[in-house]
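Chains as they are written, first to last, in numbering that gives the first Met the number 0: chain A, 0 to 92; chain B, 0 to 623.
Some hints could be false.
Calculated from the model, a selection of chain B residues having no Cβ within reach of chain A, i.e. all distances over 12 Å [claimed, not checked]:
1) Arg25
2) Glu120
3) Lys224
4) Glu316
5) Ala379
6) Leu477
7) Glu608
Some chain A residues close to chain B (C-beta under 7 Å, calculated; not the full set) [what the hints assert, rightly or not]:
8) Ile1
9) Leu4
10) Thr10
11) Gly42
12) Ala46
13) Gly47
14) Ser48
15) Gly59
16) Met64
17) Val69
18) Leu70
19) Gly91
20) Gly92
Calculated from the structure, these hints are not laboratory results.
Idealized CB from N, CA, C, for every residue including glycine.
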Amino acid sequence: MIQVLLHGAGTMAECFGAAEQRLDLPDGATLGDLLLRIEQDHGERLAGSVWNWKEHRFRGPVVIMSGSRVLRDRATALRDQQKVTFTRAVVGG
Amino acid sequence: MTEEMKGFTGRQLRIRLGERQSRVERLDPEAVRQFLGGTGYACKLLYDELAPGSDPLGPLNKLVFATGPLCSNTVPGGGSVEVCFKSPLTGGWGESRAGSDFGPDLRRAGYDHLIVEGRSETPVYLVIQDGDVTFRPAAHLAGKTVGEKIGLIGAELPPGRFTIGAIGPAGEHLVKFASIMFGDRAAGRGGAGAVMGSKNLLAIAVSGSGRIEPADPEALKTALKRASATLRENPTTAAFREHGTMGDYAGNDEKGDFPTRNWQSNSWGKGAELFDRYEAENFVKPYPCYRGCPISCARKAQVAGGDYATPVHGGAEYESMACFTAYVLNEDVDAAVHCSYLCNQYGLDTISAGAVIAFAMECAEKGILDPARLGGLDLAWGNAAVLPVLLGMIARREGLGDLLADGVRIAARRLGQGSEAFAVHVKGMEGPAHDGRSGKALALSYGTGNRGMCHIHPVEAMAWDSGKMDWGLQKYGLPDPAGVERFDELGKGAATVLLQDGLSLPEILCTCKFFMYAGITLDHWAELLAALTGLPWQGEALLEIAQRVCTLQRLFNFREGFTAADDQLPERVKAVPAFGRYRDQPDCAVRDYDGMLREYYLARGWDPETGVPTPATLRRLQLA
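Isolated chain A, as found in the complex:
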């Protein structure tokens, strides 16, 4: 079992119900596992503009970062005590 710190920055805090929370995930859990867990726990709060239900992923400019690294690949392995930040960017235009 590993524990991941889920951080919803800015307006993403509303989607997760809190700015920060700890989630227990099985050993070897990946970013894809975390996304499924988010869908399971917070699906009701995830608006259709944010969450693509068909593909179980965020839609549009929601950026997933750990430290200064952008996480894109669902197969990315997560480690114990890793902080994963979700930001819904405003991309102007």
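Given the coordinates of chain A, assemble chain B onto it according to the supplied hints.
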């Protein structure tokens, strides 16, 4: 002057088209001190040189291609050019930015600004290669699309790397929202293309080989390194690169930031579906709009086949796509991408083009456009097929297109029959695809914007009270957006002043505003500017310059006959939406616009009733 002030070329190039003359002048040192560059310096120049009441499409109007001290391929966002003029669309202050190598190349050629005056008797294009300026006949380019013009000119140019700015048929036909295109990037808003067309100037090609030495190269390296680190670590950088401006499309629909059916609502409910279709079928790849851009928010898009087959091109930005979908209730994403492409080729501002068509559709629905005016066109809401047809007619001023080519304000005046009520504009400029009902600061920014109803010159203020961005302005007094309710109105006036000033600096310095979304703040700009000029710039001093520029643009407009009445918003964009997600939410409506406006005037140091800058304010800003 610029022996003392590094960071500038110190020269401006003045072109007299009628006489086929060019003249190199020194920058006005006092204007540089007070207004820096970009829209600031250009405003001072036009305020001083342009006679009040000049016809925007007459030979007395001037077109200034302005750059600034940060205009450089190595500075974040520095691939910019600001085109400034008296707007034929509004009759007041006009400015329009394009991301392009044109600005940096003009500086490499040795000029901070290019000032175009007069009118050529015959079509002409201009070639600037370092110190050489030539006027070339352009009759063979007349009527060609932007892409055709750039292709033909490219084949005629001497060896060297040139950047070309050109108008399309819309500029030649004096469409009042014609753009100047730098490849696929537009100086779109306000009709700069019509001003260029009125001068019979069809294109400008520029190439430069010079270099502008910074005052302190080591300090510049440090400042650039700091800015790069900020950009790398900011999630918005990745968001821009991965999704471009279209990334907000679905979210804006959800937040009520999505003008729909000619502003009858602020949401549609189709955003997510259409966004997914665009990403799956039309998006090709990101690209930088100038050499060296570390964000690359621009998109290559296409329509692979079918009725709206469109080659791979730069376009399909959020504004263009929203205006050719939600504004007109069009659900065909391919058609919207195609229309965006056509606007680039015709040299039309996509926002005003979508807006005038939405206006025409509502006129048709209400029976205001009679069959003779319609000429057989089916202007039913959502009819995708009519969109490209009408764009061509507008660009060439044919039939109904001629009426729409002057914008909704003039079209409504001509049509009457109550159409003024749904001609959505401020100061004559059509509204873009953001809705002040989603965050009230935007409503105020729309009303008070000097160039008219624009979302980004000076600021997308709903990104603060609704999107919770602060652009690093809290240290200068901006309230923390986390504690601000987006539908509240009290307190938005003073905040909007600071937002406008802070976010107008990219136009003054000649860089890209989107870098501020990705973490670059006034402090970064000040550090870069200090390294370039050798002067101890601070954020506060930059804000004072922004205040001065805003107020002088205000004086420019008032001199042209504007009053506080021109700061009003159309009733429709203040009303509770007629349908959609926010239909039953009265808080969403703009309830006390005049109260917000009064608060704004006071914070600016303008008379709270008339909106005229007070003598004390003019003295404080050294404008008296």
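Here's how the hints hold up against the structure:
{"no.": "1", "hint": "Arg25", "result": "holds, 36 Å"}
{"no.": "2", "hint": "Glu120", "result": "holds, 40 Å"}
{"no.": "3", "hint": "Lys224", "result": "holds, 15 Å"}
{"no.": "4", "hint": "Glu316", "result": "violated, 5 Å"}
{"no.": "5", "hint": "Ala379", "result": "holds, 27 Å"}
{"no.": "6", "hint": "Leu477", "result": "holds, 15 Å"}
{"no.": "7", "hint": "Glu608", "result": "holds, 34 Å"}
{"no.": "8", "hint": "Ile1", "result": "violated, 23 Å"}
{"no.": "9", "hint": "Leu4", "result": "violated, 16 Å"}
{"no.": "10", "hint": "Thr10", "result": "holds, 6 Å"}
{"no.": "11", "hint": "Gly42", "result": "violated, 15 Å"}
{"no.": "12", "hint": "Ala46", "result": "holds, 5 Å"}
{"no.": "13", "hint": "Gly47", "result": "holds, 5 Å"}
{"no.": "14", "hint": "Ser48", "result": "holds, 4 Å"}
{"no.": "15", "hint": "Gly59", "result": "holds, 5 Å"}
{"no.": "16", "hint": "Met64", "result": "holds, 5 Å"}
{"no.": "17", "hint": "Val69", "result": "holds, 5 Å"}
{"no.": "18", "hint": "Leu70", "result": "violated, 10 Å"}
{"no.": "19", "hint": "Gly91", "result": "holds, 5 Å"}
{"no.": "20", "hint": "Gly92", "result": "holds, 3 Å"}
In the structure shown, a violation is registered for the earlier hints numbered 4, 8, 9, 11, 18, in ascending order.
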